Amino acid sequence: GESVGLHLPTLSVQEGDNSIINCAYSNSASDYFIWYKQESGKGPQFIIDIRSNMDKRQGQRVTVLLNKTVKHLSLQIAATQPGDSAVYFCAENQSDYKLSFGAGTTVTVRA
Amino acid sequence: NAGVTQTPKFQVLKTGQSMTLQCAQDMNHEYMSWYRQDPGMGLRLIHYSVGAGITDQGEVPNGYNVSRSTTEDFPLRLLSAAPSQTSVYFCASSPNSQGNTEAFFGQGTRLTVV
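Chains A and B supply the protein sequences, listed in that same order.
Residue 79 in this note's numbering sits at position 79 of the first sequence, with consecutive numbering throughout.
Count along the second sequence from 1, then add 111; that gives the number in this note's numbering.
The hints are simulated quantities; they were obtained by calculation from the structure and are not laboratory data.
Among the clues, some could well be false.
Said to hold, decoys possible - Distance condition first, Cα-Cα at most 27 Å in a straight line; then the derived DSSO-like pairs of lysine-lysine:
(1) A:Lys42 x B:Lys125
(2) A:Lys68 x A:Lys56
(3) B:Lys125 x A:Lys98
(4) A:Lys42 x B:Lys120
Unchecked claim - Incomplete in silico selection of chain A near chain B, CB under 7 Å:
(5) Ile34
(6) Gly43
(7) Pro44
(8) Phe46
(9) Phe89
(10) Lys98
(11) Phe101
(12) Gly102
(13) Ala103
(14) Gly104
A quick note: this is a predicted structure, and the numbers were derived from the prediction, not measured.
We put the CB at the ideal spot given by N, CA and C, even for glycine.
Please model the complete structure; the sequences and the hints are all you need to start from.
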């Protein structure tokens with residue numbers, strides 16, 4: 001079946017460097033995508049979203065890129081900080097109003 | 112500003128016991144949903160509701176019941192707990208049911224079935 005997935009389960013990044021987290025999706029009908037951050041013991045927290053009519057969207061220190069041709073989504077975090085250590089999930093809006101989540105990428109920031 | 116509130120935060124059940132996980136939101140959101148999160152996996156949708164009096168099944172509904180008698184509350188009932196239901200459960204709400212807005216999540220309920 002169609003699903004959302006992340007390329008790598010873990011990512012280790014040096015503090016101050018940029019982080020790139022990737023996500024592949026297979027449902028070409030999906031029109032809305034969200035990135036969530038989940039810290040240990042907490043619920044997922046919204047980071048940024050993007051609609052399918054856009055290729056790029058920027059927030060504070062974060063940028064989401066959407067490549068519909070290859071069905072690829074990425075989250076870029078600029079100047080990664082220790083507080084960015086968390087699990088990051090991408091989610092896609094299925095046609096029947098349900099969000100489908102990937103398995104998550106654990107980001108660890110090295111001091 | 113409470114947002115989405117889940118109770119309890121932790122629960123241990125014996126196999127066969129029943130219980131209700133509570134979820135309440137104070138944002139007047141139409142759409143509410145329940146997910147379970149297992150190690151190494153993303154969140155999987157159990158049940159959802161697009162408004163008071165309306166519920167529907169998600170990806171993994173077996174063993175769970177829900178009801179939506181008010182806009183604010185969306186309880187999840189485990190009818191006869193099984194070890195396979197050991198998981199972390201998250202309730203979420205969204206402003207509308209169109210699926211094109213962010214979902215706000217509660218802090219989760221960690222359930223262990225022994």
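Checklist line | Hint check: 7 Å Cβ-Cβ cutoff, A:Pro44 to chain B | finding: With Cβ-Cβ at 5 Å, under 7 Å, it holds.
Checklist line | Pair hint A:Lys68 and A:Lys56, alpha-carbon separation not exceeding 27 Å | finding: holds, 11 Å
Next item on the list: Starting from A:Lys42, check that the Cα of B:Lys120 is at most 27 Å away, please.
Entry: holds, 11 Å
Next item on the list: Starting from A:Lys42, check that the Cα of B:Lys125 is at most 27 Å away, please.
Entry: Judged against 27 Å, a Cα distance of about 25 Å means the pair holds.
Item checked: Hint status (Cβ of A:Ile34 to nearest Cβ of chain B, threshold 7 Å) -> Holds, about 6 Å.
Item checked: Interface hint for A:Gly43, Cβ within 7 Å of any Cβ on chain B -> For A:Gly43, the interface hint holds, since the closest Cβ of chain B sits about 3 Å away, which is under 7 Å.
Next item on the list: For the pair we were handed, B:Lys125 and A:Lys98, check the Cα-Cα distance against 27 Å.
Entry: Distance ~31 Å between B:Lys125 and A:Lys98 Cα, so the pair is violated.
Notebook entry, point to check: Going by Cβ atoms only, is A:Phe46 closer than 7 Å to chain B?
Noted result: holds, 4 Å
Note to self: Under 7 Å is the threshold here; is the Cβ of A:Gly104 close enough to any Cβ of chain B for the hint to stand?
What the structure shows: At about 6 Å, which falls below the 7 Å cut-off, the nearest Cβ of chain B leaves the hint on A:Gly104 intact, so it holds.
Notebook entry, point to check: Going by Cβ atoms only, is A:Lys98 closer than 7 Å to chain B?
Noted result: holds, 6 Å
Item checked: Cut-off 7 Å, beta-carbon criterion: hint that A:Gly102 touches chain B -> holds, 5 Å
Checklist line | Interface hint outcome for A:Ala103 [beta carbon to chain B under 7 Å] | finding: holds, 5 Å
Hint compliance for this structure: hint 3 alone is broken.
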